[in-house]
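Each residue of the sequence shown is one higher than the one before, starting from 1 at the first, in the working numbering.
Simulated from the structure, these hints should not be mistaken for lab results.
Some clues are possibly wrong.
[As the list claims (entries may be wrong)] Taking lysine-lysine and the DSS-like style, the derived pairs with C-alpha atoms no more than 30 Å apart in a straight line are:
| # | residue 1 | residue 2 |
| --- | --- | --- |
| 1 | Lys130 | Lys33 |
| 2 | Lys198 | Lys385 |
| 3 | Lys132 | Lys167 |
| 4 | Lys167 | Lys219 |
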Amino acid sequence: MFGPPWGAPAWGAPTAPPPTSQEKVFNTWQEIKGMSIADPVFCLEQAVRDAHPKHHVTRLTNSGLELLEYASAGHAVAERLTEFGILDEVSREYCPPSSRLDTKASTLGEETILARWRYTWDDTEFLIYKAKCRVDGCLTSLFLILTPMPSNPALMSELVVEGHHRKTDALILAVGDYSRELHDEVHVFDSMRWTKSKSLWRSVQSASWDDVILDPVMKSSIIADVEGFFGSRAMYARLKVPWKRGVILHGVPGNGKTMTIKALINSLARRTEMPVQALYVKSLDSRRGAKSSIKQIFDMARLVAPCLLIFEDLDSLVTDESKAYFLNEVDGLEANDGILMIGSTNHIDRLDPAITKRPSRFDRKYHYGLPAYAQRAEYARYWRKNFEGSEDVDFPEEACDIIAQITEGYSFAYMKELFISSLMDLARGGTGEDTEDTEEAAAAKTAEKPHAVPAAEQGVSVGEGGGVLKDVVTTTNKRMPEITVPEFLRDNKFLRIVRKQAKLLLSEIDNASAQTVQKVVVGESRGKRL
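Construct the entire structure; sequences and hints are all you get.
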């Protein structure tokens, strides 16, 4: 009796079913991962084509198209397929709340390495593969869009033109238009790539021009300059000048530059005629160097223009090594129509004159100095609005002028700290009864003579003639202004606490912002004083 051939299944034994399309793709995927392949993306695409011979396949690599987000927004239906629960590669992720103080529950997320979806859009059922492959050491994300091929040759020639499926192209265009827009997000550039930040968007929603306390003339000028730019395209065209602009906000830290930027982002995004997108540059750091990052930044700005391109702390972003390339992108042959650049800096002297003084780069500069009396009084009234009708905080209107008087030399950041510390003192049961004692202690402390910083804390460099340049840092100590508090305010608990806290903050302000630096040459008689 003859049996079956060697290695074949016994006669009458059931044969294994042929592998499913997903099994074919997954098996090839496993082989790709186990081998060193120059082009794993091509190999995966070919495996998908072999597994789905009745589908047209279109590859999208690092396209930035938000296919799944488009479905989540209700424009399509995406159902992930998990045959037998093993034919994909998806890792589960634990996502805690953003803070321990957040009352929201933790969630679970996923990182997709290989998976597929049934995707229904415009009465067409697509199959979509999503995968991540490592190519030349870099992680490459790709989508493979599979569209059913008609059996009718005449219909096929109508739908597939020059190798592209009309239905697939229509889907890509629709998703592309969706992905190009912001959906309660702000563009942020960091770690060599653009992302969309919902958290930054949320942080600017409460920002308005009412929150920006500035000299009224300067405030009106900024609003007219920036917001007026985006409504002046036709005027720029008539004058035959490029529709681009640059603005620098500079000056003492803590006096409203960041708040101005937040108000601009929020107000420009709410324009009815043409909302303006904001692009926020956090860092230029890149393994390929800052030049690569600068190119990506301006390419994106040109794509989404009209836009507000923000370089916060411009002096630390644009270094000597990247300055020339940055200026080429600002001035260069590429059209920058509709781009308004805003750069902020605490140290405008650290910026190269080629950036600050050359026309057509950063045309306007706004200086943020310490607030004058009128701005300090307005800021006090701004805080007072929060407690109108409050039974816990008795903050009379007349107290605003007193607070403005005792905060001479304060930045807005220090005034904010003054109000917060005063409210905390009040919440802890403080009465301000020890105000006079605090005043005497503060007066004694600030009456100390100017002093030099110890040598260990001084910067040292070599000067002319072999001498040594040292930064001799002295402090100009200040005293609280002497004021007369009206009789009817002398027993106001909140004002007494504010006065107490203002005196306690005085020494901090001296140390942080009232220092002067003198470079002197020591160790060589013919050295020069600078």
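Tested hints:
{"no.": "1", "hint": "Lys130 <-> Lys33", "verdict": "15 Å, holds"}
{"no.": "2", "hint": "Lys198 <-> Lys385", "verdict": "29 Å, holds"}
{"no.": "3", "hint": "Lys132 <-> Lys167", "verdict": "25 Å, holds"}
{"no.": "4", "hint": "Lys167 <-> Lys219", "verdict": "51 Å, violated"}
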